[in-house]
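Undergrad: Residue-level listing of the chains:
Number of protein chains: 2
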Amino acid sequence: MLSLEGMRVLDLTQHLSGPYCTMILGDLGADVIKIEKHDGDDQRKLGPFVNGESSPFMAINRNKKSVTLNLKSGEGKRIFLDLAKSADVVVENFRPGIVKSLGIDYESVKRVNEGILYCSISGYGQTGPASQKGGFDIMAQGMTGLMDMNSEEGERPSKIPISLHDIGAGLMSLYSILSAYIFKLKTGAGQHIDVSLVESGLALTVAEAAAYFVNGTVPKVSGTRNHLSAPYQAYRAKDGYLIVGAGNQKLWEIFCKEVIERPDWIADSRFGKVSDRIGHADDLEELIEAVLTQHEIGYWLAKMDKAGVPGGPINSYDAALRDPHMLAREMVVEVEHPKAGNVKTLGIPAKMSVTPGQIRFPAPTLGQHTDEILNTILGLQQGEIDSLRLARTI
Amino acid sequence: MLSLEGMRVLDLTQHLSGPYCTMILGDLGADVIKIEKHDGDDQRKLGPFVNGESSPFMAINRNKKSVTLNLKSGEGKRIFLDLAKSADVVVENFRPGIVKSLGIDYESVKRVNEGILYCSISGYGQTGPASQKGGFDIMAQGMTGLMDMNSEEGERPSKIPISLHDIGAGLMSLYSILSAYIFKLKTGAGQHIDVSLVESGLALTVAEAAAYFVNGTVPKVSGTRNHLSAPYQAYRAKDGYLIVGAGNQKLWEIFCKEVIERPDWIADSRFGKVSDRIGHADDLEELIEAVLTQHEIGYWLAKMDKAGVPGGPINSYDAALRDPHMLAREMVVEVEHPKAGNVKTLGIPAKMSVTPGQIRFPAPTLGQHTDEILNTILGLQQGEIDSLRLARTI
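If you read the protein sequences in the order shown, they are chains A and B. So for the first sequence, the numbering used here puts the first residue at 1; every next one is plus one. So for the second sequence, the numbering used here puts the first residue at 1; every next one is plus one.
Next comes chain A alone, as it looks inside the complex:
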């Protein structure tokens, strides 16, 4: 069983933010119909490729069906609005204004389907002074302060290495759509949802905002140190770095006694309370590393595990994807793709006991389901479909 069975989604999105949202809707059971222009989602052009299929595209478009449609033609628009009559959700991530000029905006869809949930994702949102600008993940990281936070003073700024604001916008769209769907199930009401990359990114900084609004602290790159706890950072061992998270007084004392075997540090006035340890984090680092560098990472992690002191390795990304725990949790799975063959991909992160998310089918090839959808949903016959193809409507 799947939790969102029976929800039909028309997906006009491309790149990353929208497709990430609709992928999870599909994982949870929604019937996602991806509507693509004739040359497809721009993401299809990004490598690396497997037998001509884009691997980033495949990774975020599983569980969707693909229909090609020329939304700039009157006939294409008519087909879209016909499909929208039986849909629950439309998701789009065009630049603000485009869907209106195409005649497929919320108001237009609402005219044929009063209860539609229509989610618009954009760089800066549908309103406000910056709304008309084009915005990708990197500009959103720049605008929200996240890139500056991740950068060394005076150095060339360094973005967060994943497309955090795209993914964040996808997740915020997702929960907004689900909560609006709950309201729709109860009342029948539709609505418009307006999500932006910049607001989604900013909303991730809730603790940083709290501190800033009180004392004006502007966060900068902190290495691995925590401003509120110590020892709670990466320390050097003989063969590299590891993480120690002795986050409270009890763990600190266990760490001194059972891990580092220096119970005398507990009485050291520099390290008495957590505020003392934060104030003397440099001294603490020096002393701890003098001991940790005598043995290898594995030795210390085993010792911390035994003592119950939180700690862990700093995996490279390939080590993360080979980690026995990640494999036991089925975070790496294989999907059979009609053109690309067996492709590995990330699994389903949230484990639901009754309605677990499922990878039901692989990402579609471009227009793979055009005929099927036009026939099953709109009842078009093969002759009509052939004519639409001849006219370049589909």
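In short, the hints are calculated from the structure, not lab data. Do not rely on the hints blindly, as some may be mistaken.
Copies of the same chain look alike in the list, so a pair counts if it works inside one copy or between any two.
To be verified - Pairs of lysine-lysine residues, derived as DSS-like cross-links and limited to a Cα-Cα distance of at most 30 Å, are as follows:
#1 Lys257 with Lys77
#2 Lys250 with Lys238
#3 Lys85 with Lys306
#4 Lys250 with Lys344
#5 Lys238 with Lys37
#6 Lys250 with Lys100
#7 Lys306 with Lys65
#8 Lys250 with Lys110
#9 Lys344 with Lys72
#10 Lys273 with Lys72
#11 Lys306 with Lys100
For chain A, the structure is supplied; the task is to place chain B on it using the hints.
TA: Just chain B now, with coordinates in the frame of chain A:
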């Protein structure tokens, strides 16, 4: 109107991951009852403080009511299970095994409420070889490869400057709860949801995983460069850095002609196609910066806006929170707190037209609603409540 009106949530969580999830449930209208131990959520001990109230606590616990309850006492457990009878959702983020030892795990709650949705958030999940370890955000960043990705080779590793895996786990719990609630509305079925920090973090790396599984690329700190596009990074201007995102051929040509005024670069064989520009990103950077450093950031941003080439500033965090666009989008709001007074906090990122999220009331003081909840939900009279308080059950 609020989309989640009528949903009752018992919130056993503390720190960041769980409270972030239940805060958004509250923003969307759920009735969130935060159950705290006698000394409260550990987050209450973190500064900065305003009139003795923790600002990070206040920032992620708005729209919740607080009840103190000693879950280690038989009477406390009985009260919890009584409250659970009328709840839709329980969320907890204890270390795996704790709720079972307390007798308040999914199976125990299910016995009194068959349709309960019970979400457990933990460092590593409820199963798998690492499940019994304690895990905080920093260890999850270490395990998933995100910290290594964000670090310079050979340097001390540098974590991503926000608690990304905590927030990620909060968001994944949120969408799982909402989709399970949709299933519950249709079928009455409850279920258990198992979310971990490490899987939530890994699930954000979907594009990176796609590349790794195809060609073994292990992402490392990339500064601001994009592996798939150029010019698409931070460049130096006269007074600091700015972002240029001329992400496709058309934008590149407009950038050359109208922004940088070097139309001859279009024909330069080093910069012909996007793959050429990526291959000569160093040359490109040198040439572009030779021009950009002649004027200030504001000059170039205006010129890019006029030409329609995506670009933007790299705001420090304080500049982000003062940005006129962010203010126009109501991303900074004020909440009146009974003890702390007027406190600024982040607004609601997703804009819903019919059921917009609302900050209905501020974060509770510890145990502020104990009497109210025990009276209104369980029908206890003041004498009984006083006795429970005397016995340190509440």
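Undergrad: As a check of your reading, is Lys257 near Lys77 (CA-CA no more than 30 Å) within one copy, between copies, both or neither?
TA: neither (71 Å within a copy, 35 Å between copies)
Undergrad: If the cutoff is 30 Å on CA atoms, where do Lys250 and Lys238 land: within, between, both or neither? Let me know, please.
TA: Cα proximity of Lys250 and Lys238: one copy only (26 Å, versus 52 Å across).
Undergrad: Checking Lys306 and Lys100: alpha-carbon separation at most 30 Å within a copy, between copies, both or neither?
TA: between (61 Å within a copy, 22 Å between copies)
Undergrad: For Lys85 and Lys306, with the copy left unspecified, which applies at a CA distance of at most 30 Å: within, between, both, or neither?
TA: neither (60 Å within a copy, 39 Å between copies)
Undergrad: With identical chains treated as interchangeable, where does the CA-CA distance between Lys306 and Lys65 reach 30 Å or less: within a copy, between copies, both, or neither?
TA: neither (50 Å within a copy, 38 Å between copies)
Undergrad: Can you tell me if Lys250 and Lys344 fall within 30 Å by alpha carbon in one copy, between copies, both or neither?
TA: Intra 43 Å, inter 34 Å, cutoff 30 Å: neither.
Undergrad: With identical chains treated as interchangeable, where does the CA-CA distance between Lys344 and Lys72 reach 30 Å or less: within a copy, between copies, both, or neither?
TA: So Lys344 and Lys72 fail the 30 Å test inside a copy (36 Å) and across (45 Å) alike.
Undergrad: Could you place Lys250 and Lys110 in one of the four classes (within, between, both, neither) given a Cα distance threshold of 30 Å?
TA: Neither way: Lys250 and Lys110 sit 59 Å apart in one copy and 34 Å across, limit 30 Å.
Undergrad: Treating 30 Å as the Cα threshold, decide for Lys238 and Lys37: within, between, both or neither.
TA: neither (55 Å within a copy, 41 Å between copies)
Undergrad: For the identical chains here, do Lys250 and Lys100 meet the 30 Å Cα criterion within one copy, between copies, both, or neither?
TA: For Lys250 and Lys100, the Cα distance is within 30 Å only across copies (23 Å; inside one copy 60 Å).
Undergrad: As a check of your reading, is Lys273 near Lys72 (CA-CA no more than 30 Å) within one copy, between copies, both or neither?
TA: For Lys273 and Lys72, the Cα distance is within 30 Å only across copies (28 Å; inside one copy 66 Å).
This entry does not satisfy hints 1, 3, 4, 5, 7, 8 and 9, going by the numbered hints stated previously.
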